[in-house]
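K.L.:
Chains D and F, in that order, are what the protein sequence lines are. Be aware that the first sequence starts at 1, since it is given in our numbering, and climbs by one per residue. Be aware that the second sequence starts at 1, since it is given in our numbering, and climbs by one per residue.
Just so you know, the hints here were simulated from the structure itself, not pulled from any lab data. Just so you know, not all the hints are guaranteed correct.
To be verified - Here are the simulated distance ranges between beta carbons: (1) F/342 - D/41: 23 to 31 Å; (2) F/565 - D/158: 54 to 62 Å; (3) F/342 - D/81: 45 to 53 Å; (4) D/158 - F/16: 22 to 30 Å; (5) D/158 - F/327: 45 to 53 Å; (6) F/447 - D/29: 43 to 51 Å; (7) D/162 - F/157: 49 to 57 Å; (8) D/100 - F/12: 53 to 61 Å; (9) D/41 - F/146: 31 to 39 Å; (10) D/165 - F/401: 38 to 46 Å; (11) F/565 - D/152: 48 to 56 Å; (12) D/100 - F/401: 37 to 45 Å.
These numbers come from a predicted model, not from an experiment. Where is the CB? At the ideal position from N, CA and C, for every residue including glycine.
Below are the chains, spelled out letter by letter.
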Amino acid sequence: MSGTMVNQELRLDPAKAKLSSSIAMIMALISFSMLFATLMLGYFAFRFTSEVWPPLGMERITLGLPTMSTAIILISSLFYLGFESSFIQKEAKKSKLYFYSTLALGCLFMFAQTMLWSKLRSEGIFTGTSVFASMIYAFTWIHAAHVLGGIIALLFLLPTISGKRDHDKSLSLVQNVGQYWHFLGIVWLIMYFSLFVF
Amino acid sequence: MAFYEQHIHPKPTTFLSKYVFSYDHKVIGKQFLWYGIFFLLVGGLMALMIRWTLAYPGQAFPVIGHFLFPESGGAVPPDTYAMLFTMHGTIMIFYAITPILIGAFGNFCIPLMLGARDMAFPLLNMLSFHIAAISGLILLGSLFTPLGAAAGGWTSYPTLSTLIGSPGVGQTLWSLAIFTLGVSSTMGAVNYITTIICLRAPGMGYFDMPLTIWGLGLTAVLNAIFLPVLGAGVLLLIFDRVFGTTFFLAGAAATTGTGDPVLFQHVFWIFGHPEVYILILPAWGIVSDQLSFFARKPAFGAKATALAMTSITILSTLVYGHHMFTTQMSPLLTQTFMTLTMTISIPSAIFFANWLGTLWKGSIRFHSPMLFSMGVVFVFGLGGLTGLYLGTVTTDLYLHDTYFVVGHFHYTMAASVLLGGFAATYFWMPKMFGTIMNEFWAKVHFWITMMGLNGVFFGMMLVGYGGMHRRIYNPFIYEFTQKLIPINTFTTWSAIVMGLAQIIFVINFVHAVFFKKEKASDNPWEVGTLEWTIPSPAPHYNFKEIPVVKCGPHEFGNPNLNSNKDFQYQTEELA
Ligand SMILES: [Cu+2]
């Protein structure tokens, strides 16, 4: 096989460039998962070594706001799925609607989180109240910071939505942002069950 | 296989786009090299201050002591001593070794040795350097805060690192700097892995890659997986310090909490043990290649070496508990960790035997990179063997936190990685800067460094075996350590000699980069890997035509060579 022949074959297959960005996204998601896994390791270490849970006479957190947040972020994930499929089928109007709903729900999730933090404070639960309170604050902060990153990533899709960027070129961007967004939903679900439900 | 076509970008013309905000992996590699060398000198100076204090407690540090510590008459004060060993460790590990081996040579070698025009994500690459630069500035800034820099050791154990142990802002800035650097290294790691998977030249299978790339790739995998663990740890530490959470506070330290200081140790070492391999794997890869290049023989069992490095990478994730035998772990756990640790010696022995097999009956050319590579074989052998005593519970209980530990990890991480880094610098100098460094002075540099570092690190192991603890400002207030003063003095003078020898390197390096007129040839070492098929220094687009690979990287003295050379380029077909 001569060198020029191979290069010509490569030129015929530019779609493969997409693969490298999804490999990178998988590696990045592994890194993010390790960050949250370490936090969960801390949670389990405290949870299984303390005799009563929650410790130090703390009450459980009322489930209202966390459940609402869970619903918001899960629905936003569903909307993103809708956005992705309508984007692939080039249904501009539908995809726009789905996209802006995802974005709005993302912002709403952030709002619900700030509500949760101020509610905790009004109930006299501060970062130093107990290690359980520390975890609630720290974990939700870290997760919220990532959601903020997700919202910024969504904003990077705006040129795609308004048709200013080539459809095929932005497809992998749409898929990668989607993976990150769903990942944040999964992390929240784990946090919801470990910190608030059980 | 290269997955997609890589375009040739126009050559940058302005100073900023060429040297500061460059997308070119070679320039970013050089940026990391200068960054690393700068911090190497800072960390080295700190090491000399520590050594001076141990040999001559209470005496003024020569030349600059009176300027740095006027209140104590030029001697290093106790609190500053704690800052010095903390910052020395942090700087050497995260700001000198990591940028030089991974940042500089990872960036420089990966695309060149794979036959690619650049990294998979040049923008990410550039951001990775600039974030590392910000982190370096934060760390340097912490030296000038009111209560001084972090002083809780490079491991930063609570409660030393909580507000009780170190109330100053220095420790917070330390944590922030480490977190920032972690972000930078993770970005680099994602880039390296993607590049290795996607941008190998057509025809290049994984086992056709030079072992340097294997080492760098495995390092990147460990970085991507375990740096976030440390990231989470220091993030919680920052929260404890700034926002009043109680993760690592216990007992009287926390008014209400039930945090756990030992949790940080777990998190730190889950990251920390792989970190040891993050640091050493690139050096292993470089040495495995260079032993073959300069022995003019194929790398003995190259496939086995690659697989041994891979299995060490996997095993390294399961052994972290050997750092914590003295934290009242259950005997079941300590024995498990001990056994797992011992299994690492199997793959280590495999590639070590392969190194010796490569050298055996080779027609060795003792050029400076080869001297440094063989130096690595020697010091890593010593470092690896002394690790067995620390991985064994019974002996570790005695040796824990003594200077034996310090000597051991300096042999494995400092000595091996330093020599490996020098081997790489002397070796790739022609491809990076277009000139060869002076061979005579390179060899002088090698021999003084080699003798110096063995004096330093063997001396450390001796006093550690004698019972001298690490991190004590003046160990000689205890009677039993007073007999160790002569060895400590010897160690210190070895360190001073070794430190002075680095001036030879710096002059040689700076001269070769900026002043040397004589240009290097395209392939001065007569090696067949892809980076030697292009001109020296490498042009900004690397390869005019993406090369097609037809054989492995170590085809020396193969009877099927089809030219009158004793090596062949990876682009040439065997007869
Ligand atoms: Cu270890």
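K.L.:
So does residue 41 of chain D sit 31 to 39 Å from residue 146 of chain F, Cβ to Cβ?
P.N.:
holds, 35 Å
K.L.:
Verify the CB-CB distance for residue 100 of chain D and residue 12 of chain F against the hinted window 53 to 61 Å.
P.N.:
violated, 39 Å
K.L.:
For the hint 49 to 57 Å, verify it against the beta carbon of residue 162 of chain D and that of residue 157 of chain F.
P.N.:
The hinted range 49 to 57 Å holds for residue 162 of chain D and residue 157 of chain F, with Cβ atoms some 52 Å apart.
K.L.:
Look at the Cβ atoms of residue 447 of chain F and residue 29 of chain D and judge whether their distance stays inside 43 to 51 Å.
P.N.:
Holds: the Cβ-Cβ distance is about 49 Å, inside 43 to 51 Å.
K.L.:
Is the gap between the beta carbons of residue 158 of chain D and residue 327 of chain F within 45 to 53 Å?
P.N.:
Hint holds: Cβ distance 51 Å, inside 45 to 53 Å.
K.L.:
Is 22 to 30 Å a correct range for the gap between the Cβ atoms of residue 158 of chain D and residue 16 of chain F?
P.N.:
holds, 29 Å
K.L.:
Using the Cβ atoms, figure out if residue 565 of chain F sits within 54 to 62 Å of residue 158 of chain D.
P.N.:
For residue 158 of chain D against residue 565 of chain F, whose Cβ atoms are near 57 Å apart, the range 54 to 62 Å holds.
K.L.:
Using the beta carbons of residue 565 of chain F and residue 152 of chain D, state whether their distance is inside 48 to 56 Å or not.
P.N.:
55 Å Cβ-Cβ, so the 48 to 56 Å window holds.
K.L.:
Is the distance from the Cβ of residue 165 of chain D to the Cβ of residue 401 of chain F consistent with 38 to 46 Å?
P.N.:
violated, 58 Å
K.L.:
Is 45 to 53 Å right for how far apart the beta carbons of residue 342 of chain F and residue 81 of chain D are?
P.N.:
The hint (45 to 53 Å, Cβ to Cβ) holds, given that residue 342 of chain F and residue 81 of chain D are roughly 49 Å apart.
K.L.:
Is 37 to 45 Å right for how far apart the beta carbons of residue 100 of chain D and residue 401 of chain F are?
P.N.:
violated, 59 Å
K.L.:
Using the C-beta atoms of residue 342 of chain F and residue 41 of chain D, is the stated range 23 to 31 Å upheld?
P.N.:
holds, 25 Å
Violated hints for the displayed structure, listed by number in ascending order: 8, 10 and 12.
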